[in-house]
Structures are given as structure tokens and as C-alpha cells.
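Start from the sequences, fold in the hints, and give me the full structure.
Order-wise, the sequence lines are chains A and B.
Count along the first sequence from 1, add 64, and you get the number used in the working numbering.
Count along the second sequence from 1, add 64, and you get the number used in the working numbering.
These are calculated hints, taken from the structure and not from any lab test.
A portion of the hints provided could be inaccurate.
Identical chains blur together in the list; that is why a pair holds if it fits in one copy or across any two.
Straight line, CA to CA, 20 angstroms or less: simulated SDA-like cross-link-like pairs of lysine to any residue [to be verified]: (1) Lys-127 <-> Thr-173; (2) Lys-285 <-> Ile-443; (3) Lys-322 <-> Arg-249; (4) Lys-423 <-> Glu-466; (5) Lys-377 <-> Ala-96; (6) Lys-423 <-> Val-361; (7) Lys-127 <-> Glu-151; (8) Lys-193 <-> Asn-208; (9) Lys-187 <-> Leu-207; (10) Lys-187 <-> Asn-206; (11) Lys-193 <-> Arg-124; (12) Lys-127 <-> Asn-208; (13) Lys-289 <-> Glu-257; (14) Lys-322 <-> Gln-273; (15) Lys-127 <-> Glu-155; (16) Lys-426 <-> Gln-346; (17) Lys-322 <-> Asp-356; (18) Lys-469 <-> Ala-253; (19) Lys-193 <-> Leu-207; (20) Lys-193 <-> Leu-130; (21) Lys-187 <-> Asn-208; (22) Lys-285 <-> Ile-331; (23) Lys-285 <-> Tyr-261.
Listed below, chain by chain, are the residues.
Number of protein chains: 2
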Amino acid sequence: MPIIVQKFGGTSVADAHRVHLAARRAVRAKLAGKQVVLVVSAMGDTTDRLVELAGQVSRRPAKRELDVLVSTGEQVSIALMAMAIHEAGYEAVSVTGAQIGLLTDGVHTEARIRSIDTARIRKMLDRGKIVIVAGFQGVDDNLNITTLGRGGSDTTAVALAAALRAEMCEIYTDVDGVYTADPRRVPTARRIEAISYEEMLELAGLGAQVMHPRSIEIGKKYEVKIHVRSSFTDTPGTLIMNEVPGMEEVAVSGATLKPDVGRITFIGLPNRPGIAAEIFGQIADRRVMVDDIIQNVTHQGQMVSVSFTVDGKDVGAAQAVAESLAQHFTNVAVEFDFQLSRLSIVGLGMRAHSGVAAKMFKALADQNINIENVSTSEIAISVLVRRDDGERALNAVHQAFELDKST
Amino acid sequence: MPIIVQKFGGTSVADAHRVHLAARRAVRAKLAGKQVVLVVSAMGDTTDRLVELAGQVSRRPAKRELDVLVSTGEQVSIALMAMAIHEAGYEAVSVTGAQIGLLTDGVHTEARIRSIDTARIRKMLDRGKIVIVAGFQGVDDNLNITTLGRGGSDTTAVALAAALRAEMCEIYTDVDGVYTADPRRVPTARRIEAISYEEMLELAGLGAQVMHPRSIEIGKKYEVKIHVRSSFTDTPGTLIMNEVPGMEEVAVSGATLKPDVGRITFIGLPNRPGIAAEIFGQIADRRVMVDDIIQNVTHQGQMVSVSFTVDGKDVGAAQAVAESLAQHFTNVAVEFDFQLSRLSIVGLGMRAHSGVAAKMFKALADQNINIENVSTSEIAISVLVRRDDGERALNAVHQAFELDKST
Numbered sequence: 065m066p067i068i069v070q071k072f073g074g075t076s077v078a079d080a081h082r083v084h085l086a087a088r089r090a091v092r093a094k095l096a097g098k099q100v101v102l103v104v105s106a107m108g109d110t111t112d113r114l115v116e117l118a119g120q121v122s123r124r125p126a127k128r129e130l131d132v133l134v135s136t137g138e139q140v141s142i143a144l145m146a147m148a149i150h151e152a153g154y155e156a157v158s159v160t161g162a163q164i165g166l167l168t169d170g171v172h173t174e175a176r177i178r179s180i181d182t183a184r185i186r187k188m189l190d191r192g193k194i195v196i197v198a199g200f201q202g203v204d205d206n207l208n209i210t211t212l213g214r215g216g217s218d219t220t221a222v223a224l225a226a227a228l229r230a231e232m233c234e235i236y237t238d239v240d241g242v243y244t245a246d247p248r249r250v251p252t253a254r255r256i257e258a259i260s261y262e263e264m265l266e267l268a269g270l271g272a273q274v275m276h277p278r279s280i281e282i283g284k285k286y287e288v289k290i291h292v293r294s295s296f297t298d299t300p301g302t303l304i305m306n307e308v309p310g311m312e313e314v315a316v317s318g319a320t321l322k323p324d325v326g327r328i329t330f331i332g333l334p335n336r337p338g339i340a341a342e343i344f345g346q347i348a349d350r351r352v353m354v355d356d357i358i359q360n361v362t363h364q365g366q367m368v369s370v371s372f373t374v375d376g377k378d379v380g381a382a383q384a385v386a387e388s389l390a391q392h393f394t395n396v397a398v399e400f401d402f403q404l405s406r407l408s409i410v411g412l413g414m415r416a417h418s419g420v421a422a423k424m425f426k427a428l429a430d431q432n433i434n435i436e437n438v439s440t441s442e443i444a445i446s447v448l449v450r451r452d453d454g455e456r457a458l459n460a461v462h463q464a465f466e467l468d469k470s471t
Numbered sequence: 065m066p067i068i069v070q071k072f073g074g075t076s077v078a079d080a081h082r083v084h085l086a087a088r089r090a091v092r093a094k095l096a097g098k099q100v101v102l103v104v105s106a107m108g109d110t111t112d113r114l115v116e117l118a119g120q121v122s123r124r125p126a127k128r129e130l131d132v133l134v135s136t137g138e139q140v141s142i143a144l145m146a147m148a149i150h151e152a153g154y155e156a157v158s159v160t161g162a163q164i165g166l167l168t169d170g171v172h173t174e175a176r177i178r179s180i181d182t183a184r185i186r187k188m189l190d191r192g193k194i195v196i197v198a199g200f201q202g203v204d205d206n207l208n209i210t211t212l213g214r215g216g217s218d219t220t221a222v223a224l225a226a227a228l229r230a231e232m233c234e235i236y237t238d239v240d241g242v243y244t245a246d247p248r249r250v251p252t253a254r255r256i257e258a259i260s261y262e263e264m265l266e267l268a269g270l271g272a273q274v275m276h277p278r279s280i281e282i283g284k285k286y287e288v289k290i291h292v293r294s295s296f297t298d299t300p301g302t303l304i305m306n307e308v309p310g311m312e313e314v315a316v317s318g319a320t321l322k323p324d325v326g327r328i329t330f331i332g333l334p335n336r337p338g339i340a341a342e343i344f345g346q347i348a349d350r351r352v353m354v355d356d357i358i359q360n361v362t363h364q365g366q367m368v369s370v371s372f373t374v375d376g377k378d379v380g381a382a383q384a385v386a387e388s389l390a391q392h393f394t395n396v397a398v399e400f401d402f403q404l405s406r407l408s409i410v411g412l413g414m415r416a417h418s419g420v421a422a423k424m425f426k427a428l429a430d431q432n433i434n435i436e437n438v439s440t441s442e443i444a445i446s447v448l449v450r451r452d453d454g455e456r457a458l459n460a461v462h463q464a465f466e467l468d469k470s471t
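So this is what it looks like as C-alpha cells:
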């Protein structure tokens with residue numbers, strides 16, 4: 065019998081009523097002849113409340129104990145979900161990460177899955193039960209509770225789908241799929257019916273927040289078909305899957321905007337081997353997350369200028385590190401610009417279509433929007449623009465590539 | 065190094081401040097040269113709130129899932145307690161019932177402890193850590209989470225103290241010990257310094273609510289010294305321990321009142337073998353908890369009258385059962401009296417002192433209080449009185465045996 069994994073996020077199990085709605089979906093899949101595994105997150109803002117509680121007790125709570133604390137959130141959800149399915153008249157059983165032997169490394173609050181023992185789940189499925197698994201959590205070799213960090217429940221769901229060779233992993237969430245752009249910024253944005261893992265990875269990395277890149281990577285590695293859809297409607301969402309013939313016919317699949325980006329530039333660095341390694345080594349040591357790096361030669365090759373960008377929330381830390389770094393060199397200036405946005409377009413078709421970058425630049429030029437920096441990957445092009453121009457730039461590019469039109 | 069087990073109930077860990085107070089006690093015991101194991105309950109009304117949440121999802125939640133749900137309450141507490149001890153600058157580690165291999169039978173919501181694997185706890189203690197154990201919970205042979213039912217955290221604490229051969233099990237609670245009578249009813253009631261397991265069992269069974277009889281039974285079986293004391297003061301509480309020389313010098317150690325007791329009497333039953341078995345078998349089948357049973361012969365041995373008493377909250381169910389039972393017999397009447405209280409006195413010294421019952425009856429007679437029924441055990445005497453007379457009777461007996469005077 066084919067197995068289906070359904071994952072319900074925090075908003076999809078926020079109260080008793082929604083738990084019942086989710087339970088009903090599971091029962092429907094069961095009645096359609098599937099073996100059903102549910103993965104659930106903590107209810108609504110439970111995790112935030114638990115972290116706040118920890119903050120009342122300790123300024124810097126130990127990560128091991130934070131994991132013991134916050135993992136209770138998912139445990140509450142699995143019990144309630146099992147009760148809701150029983151109430152609907154079907155058999156269900158809840159299991160924690162420890163109970164299904166979801167083994168992780170020992171990195172508390174950011175653990176990685178090592179293996180899943182599917183024997184127990186398969187046995188329960190074969191007895192006709194709907195199995196409800198606590199997302200986000202596992203145990204290390206010594207039975208210490210670990211959590212998987214951001215996107216943890218998605219990761220649990222996709223990893224389980226891989227381990228069980230499920231025919232589908234459905235991710236139920238509060239949006240009804242992946243859009244060509246954020247509908248709050250682009251009124252004409254359109255839901256994408258199917259998208260490749262590669263494109264979805266780029267979109268997620270560039271600001272689309274539907275799924276965490278980590279779970280998509282696992283999906284890609286094990287070829288798990290992922291269906292991102294709304295828990296409040298029955299309309300199909302977006303399929304994330306292997307590239308299929310025809311996908312490349314579209315040059316651009318989607319556009320993203322990171323509205324709040326800061327750029328830091330070192331000017332007058334000596335052009336010698338190891339200079340970039342030195343700078344970014346020190347930045348990494350101080351745990352500042354760097355987005356893009358742009359290096360250019362100046363003064364007839366004598367010197368280089370090096371820029372890097374950081375997320376808006378990190379500009380304070382980045383500035384402090386950069387200023388202290390600049391003092392290690394003589395005659396090196398450091399410049400800051402914290403009023404930028406990053407606009408990106410993503411599409412498998414870029415590999416086959418020429419002129420995609422030129423078309424993007426023209427769309428921005430037509431709107432009199434200046435481009436500050438450009439960076440590219442195989443299937444994405446990103447530009448930095450003034451923050452005030454961000455949304456206008458996004459809409460211009462969305463229209464230029466006709467993303468509002470169905471394919 | 066001697067081991068001490070400290071148990072903190074729900075009111076003793078109700079908020080961050082109280083968690084810190086409890087943590088400080090653990091640290092003090094550690095500084096006094098002990099290896100310290102803490103057992104903690106769920107914070108404040110957490111368990112009630114979780115049960116209410118279950119009620120929102122299901123009218124009759126499955127007991128297995130209730131256990132998964134409510135066991136999260138203690139898991140939250142152990143994590144916060146570990147954080148509080150870290151904050152005080154000491155090493156601590158939290159463990160769930162599953163993590164220490166606290167094995168129980170599979171009776172969900174009312175499981176019994178089968179064994180505790182102390183190896184892991186001892187290893188952590190030997191590394192200098194304060195070990196914090198989730199009370200009330202364990203796992204069965206298949207790793208299903210089970211809870212121990214009423215008095216569960218006390219039971220965990222005393223069982224752990226037994227398994228670890230601890231020199232003391234301290235039960236921190238919101239009262240400062242065991243009293244000669246409930247201080248809310250008897251203003252002159254006095255804290256008892258030391259009491260035997262047997263007396264404490266009788267007192268608990270007869271209405272004193274400081275500790276559940278179950279944990280005292282385990283304490284008695286394994287000779288665990290139990291110290292019941294306040295989590296809000298430093299004054300010593302009550303020691304529950306083996307009988308020591310001198311304990312019998314006092315005839316009566318304490319008095320209890322169950323204010324709300326109902327009595328049901330069958331009149332005119334045939335006096336033949338098996339009649340009591342038949343009646344109480346059917347009552348047990350309908351899950352009515354019977355307290356006392358009194359049977360007397362009437363009509364020159366032709367007939368018997370049988371009374372039994374039930375807790376006030378069960379009179380409705382008991383009445384229904386009794387009325388349907390009476391219809392099985394011809395000419396059997398059933399009478400109800402739901403306006404009674406049960407007054408009891410308990411003391412090891414009864415075994416050695418004569419005239420204890422007579423003294424109790426005289427104290428009541430002097431107050432013009434009628435005695436409706438009498439029942440006795442080796443170390444307790446109980447009488448039923450009109451409910452209106454209950455508190456007056458309790459005070460009269462308390463004074464007659466000079467329970468207010470220190471020994």
C-alpha cells in the first residue's frame with residue numbers, strides 16, 4: 065500500500081478545531097487507500113512561549129536543556145492529533161523522536177538527522193494505524209533529546225518520506241503554495257504548479273520563506289515528491305520535484321526580494337594571496353552570516369576592493385567586526401551602505417535561454433532604477449538596488465518576464 | 065558520598081522565582097557534601113490545563129495519548145530546573161522517565177513502577193552533577209510513555225531514594241509537615257516531628273492529604289526515611305520512618321476528619337453464605353469505591369443488615385447501584401444517610417494502651433455528640449457522626465488526647 069507523509073505546521077494545529085481539520089485530512093488519505101504518517105509541529109506560538117519561559121529562568125539557557133524544554137511542544141501536538149483521529153473513529157498512535165529512533169548528531173538546537181528506524185512505524189502502519197510523529201526532534205546516541213533547528217518539522221517530514229519511500233510528502237501550511245513572487249508585494253503574483261528542487265532551493269535561499277532549504281536538499285537527494293499546500297483549502301498547491309521535460313521552456317520561474325540588505329566595502333586592500341581568506345575567516349569567527357561577496361581590482365592591479373552583504377538584522381554586528389578588521393591594515397577604508405534591497409530571479413530555463421540578464425537590466429532601466437551590484441549563479445541572477453526602489457523593481461521584473469501569465 | 069533525593073511539587077515550581085528557590089535548596093545540599101537527585105512535578109496547574117486541552121479535542125481521550133500529553137508537564141519542569149541550577153553556577157542535567165529507564169507496567173494513567181536503572185543516574189552523580197528527574201512518568205517495555213497516577217511524583221521520589229539507597233527523601237510541599245489534625249479545622253493542631261510508616265498510612269487513608277499512601281508503602285517496604293517539609297521555610301517538617309523506641313509511649317498520634325461521607329444500608333437481607341460477596345461484587349463491578357462495611361445480624365439470626373460508606377462525591381453513583389441491587393431481593397429495604405462525617409484517631413500506642421476507644425467515646429459523649437457507627441483497625445479507631453457535629457467532634461477528641469501538647 066502506498067505511503068503518504070502529511071506535515072502540519074504550527075498554524076495548522078493552533079487550536080482544537082484546526083487539529084480536527086488536520087485529522088480529517090489524514091482520515092481522507094487513509095480512506096483513499098494510503099498508509100498515512102503525520103508529522104506535526106508545536107501548536108501556534110508554543111515554542112516561542114517555551115523559549116520565553118526559559119528566558120525567565122536563565123539569561124543563557126544551556127542548549128541541551130532548551131531541547132528538553134521545547135521538544136515538549138510537538139509532544140503535546142502528537143497526543144492531541146491522535147485523540148482527534150480516534151474521535152473521528154479511526155486508529156492512530158503518536159510517537160516521539162525517541163520512540164521511532166530518529167537518531168541525530170549531538171549538536172543541540174541544530175541537530176542533523178543521521179538515521180531513522182522505520183521498523184516501528186511500518187509495523188504500526190501495517191496494523192492499520194495512522195502514525196503521528198513529533199516533528200523537529202530526535203535523540204543522540206546517548207538518548208539525549210535533540211532538536212533540528214529552523215525548518216525542523218519540514219526536515220522530519222521529508223526525511224521520513226525518504227526513509228519510508230513514501231509516494232508523496234504533503235506540507236500543509238498557511239499559504240497555498242509557492243508563488244512567482246511574494247503576493248504581498250506583487251499583486252499579480254501567481255501560484256507555481258510545479259517547480260524543480262534546484263529552483264526551489266534558490267528561491268528559498270533568496271528570500272522565499274515557504275520551506276527551509278534544508279528539507280528541500282533532503283527531498284532532492286532522495287527524490288521525495290513534495291506538495292506544498294494550504295491546510296485551509298482543498299485546492300492543489302505547488303509540487304516540488306525532479307526536473308521534468310518542459311520545465312526549461314520558461315526562462316524564469318520566480319522572483320524574490322530581500323528588502324533589507326546591508327553592504328560593507330573595504331577599499332585599498334593590498335592585492336596579495338590570502339587577503340580574502342584572512343578577512344572572511346575573521347568575520348566567520350565572529351559568527352556574522354555573509355550573503356554575497358564581490359571583489360574587484362583597482363589601481364592597476366595593486367589593490368583590491370572587497371564588498372560583502374549581510375541581512376538587515378546583522379548589520380550592527382557586521383559593522384563592528386568590519387571596523388575592528390580595518391585597523392589591522394594601513395590605509396584601508398571601510399564603507400557602509402545599509403539602505404539596500406536584493407532582487408533575484410530564478411529559473412532552470414536560464415541555462416538554455418540567452419539574454420535573461422539583459423532583459424532584467426532593461427526592465428529596471430525602463431523604471432529608472434539603478435543597479436548597485438550584480439551576482440549570478442547557474443539558475444539565478446541577483447542585483448542590489450536602493451531600498452526605496454525594491455518593490456517597484458520586483459514588480460517591474462515580474463511583469464517583464466510575464467510571471468503573472470500561466471504557462 | 066551520601067545521596068539525597070529532594071522532591072518538589074507543583075506549587076514549589078509554579079513560576080521562575082520558585083524554581084530558583086528550589087534550585088538553591090538543591091545547591092545547598094550539594095555544598096553540604098551530598099549527591100543530589102531532584103524529582104519535580106509539573107508547574108502549578110499545568111497538568112489540569114493539559115487535561116482540559118485534551119477535553120477540547122476529545123470527550124474520552126485514549127489513556128495512552130493522555131500519558132503522552134500530560135508527561136510533557138514534568139519535562140518542562142526538569143529543563144527549567146536544570147537551567148536554574150546552571151544559573152546558580154552548578155552542574156545539572158535533566159532526565160525523563162524514559163532516559164533513566166524507569167520501567168512500569170503498561171497500565172496507562174495508573175502505571176506501577178517495575179524497575180529503575182540507576183546506572184545512568186549514578187554515573188552523572190559521580191561526575192558531580194545534580195540530576196533532575198521528571199516525576200510521575202515512566203515507560204513500558206515497548207517505550208510507550210506511562211504515568212503513575214495520583215501521588216505519582218512522590219512515588220517516583222521515594223522509589224528513586226530506595227533504588228539509590230539514599231539517606232533521605234525530602235518531600236517539599238506547601239505545608240510544613242504532618243499535623244496532629246488539619247490545622248484549618250483544629251486551631252491547636254501541632255506539627256508531628258516523627259511518625260511511623262504505619263501511622264502515616266492510616267492517616268493518609270483516613271483523609272490526611274499530605275502524601276499519597278502509595279509512596280508511603282514503598283517507603284515502608286524499602287525503609288526510606290521520608291522528610292515532609294515546606295518549600296517556603298527552613299524549619300524541619302515531619303520525619304516518616306521506621307517505628308523507633310518511644311513512639312508507642314503516645315497512644316494517639318493524630319486525628320482526621322472526612323467531613324463528607326454517605327452511608328447506605330440494606331435491611332432484611334437473608335442470612336446465608338455469599339450474600340456479602342454478591343452485593344459487593346456487583347458494587348465493585350460498577351466501579352463504586354466502598355470505604356467501610358458494617359454487617360449485623362437481626363431477627364434472631366434470620367436476617368442481616370449490611371451498611372457501607374462511600375466518599376461524598378460518590379453518593380450519587382452508590383445510590384443508583386444500591387437501588388437497582390435491592391430489586392434483586394424480596395422484602396429488602398435500602399436506606400440512605402448522606403449527612404455524615406468520619407472521625408478517626410491513629411496511633412501505634414493503641415497496641416499497648418488500653419482504654420483508648422473508651423476515652424474517645426467519652427470525649428464525644430461529653431459534647432453530646434452521638435456515634436452512629438464504629439470501626440477499628442490495629443492502630444486506628446473510626447466513628448461516624450452527624451456531619452454538623454464533625455468539626456466539634458474532631459476538636460473534642462484532639463483535646464482529650466492532648467494532641468496539642470508536645471511530647
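Here's how the hints hold up against the structure:
1. Lys-127 <-> Thr-173: For Lys-127 and Thr-173, the Cα distance is within 20 angstroms only inside one copy (6 angstroms; across copies 31 angstroms).
2. Lys-285 <-> Ile-443: within (18 angstroms within a copy, 72 angstroms between copies)
3. Lys-322 <-> Arg-249: For Lys-322 and Arg-249, only the intra-copy Cα distance (11 angstroms) is at most 20 angstroms; the inter-copy one is 69 angstroms.
4. Lys-423 <-> Glu-466: This pair counts as within: shortest intra-copy Cα distance 12 angstroms, inter-copy 100 angstroms.
5. Lys-377 <-> Ala-96: Classified as neither: same-chain Cα gap 46 angstroms, cross-chain 47 angstroms, threshold 20 angstroms.
6. Lys-423 <-> Val-361: neither (27 angstroms within a copy, 106 angstroms between copies)
7. Lys-127 <-> Glu-151: between (37 angstroms within a copy, 13 angstroms between copies)
8. Lys-193 <-> Asn-208: between (28 angstroms within a copy, 16 angstroms between copies)
9. Lys-187 <-> Leu-207: between (22 angstroms within a copy, 15 angstroms between copies)
10. Lys-187 <-> Asn-206: For Lys-187 and Asn-206, the Cα distance is within 20 angstroms only across copies (13 angstroms; inside one copy 25 angstroms).
11. Lys-193 <-> Arg-124: Between. Shortest inter-copy distance 19 angstroms satisfies the 20 angstroms Cα cut-off; intra-copy 42 angstroms does not.
12. Lys-127 <-> Asn-208: within (11 angstroms within a copy, 26 angstroms between copies)
13. Lys-289 <-> Glu-257: Within one copy, since 13 angstroms is at most 20 angstroms while 69 angstroms is not.
14. Lys-322 <-> Gln-273: Only inside one copy: Lys-322 and Gln-273 sit 11 angstroms apart there, 61 angstroms across copies, limit 20 angstroms.
15. Lys-127 <-> Glu-155: between (36 angstroms within a copy, 14 angstroms between copies)
16. Lys-426 <-> Gln-346: Neither, since 38 angstroms and 89 angstroms both go past 20 angstroms.
17. Lys-322 <-> Asp-356: Within one copy only: 13 angstroms inside a chain, 75 angstroms across chains, cut-off 20 angstroms.
18. Lys-469 <-> Ala-253: Within one copy only: 9 angstroms inside, 84 angstroms across.
19. Lys-193 <-> Leu-207: between (26 angstroms within a copy, 18 angstroms between copies)
20. Lys-193 <-> Leu-130: between (32 angstroms within a copy, 18 angstroms between copies)
21. Lys-187 <-> Asn-208: Classified as between; 15 angstroms across copies, 25 angstroms inside a copy.
22. Lys-285 <-> Ile-331: neither (41 angstroms within a copy, 79 angstroms between copies)
23. Lys-285 <-> Tyr-261: within (9 angstroms within a copy, 63 angstroms between copies)
The earlier numbered hints that this structure contradicts are 5, 6, 16, 22.
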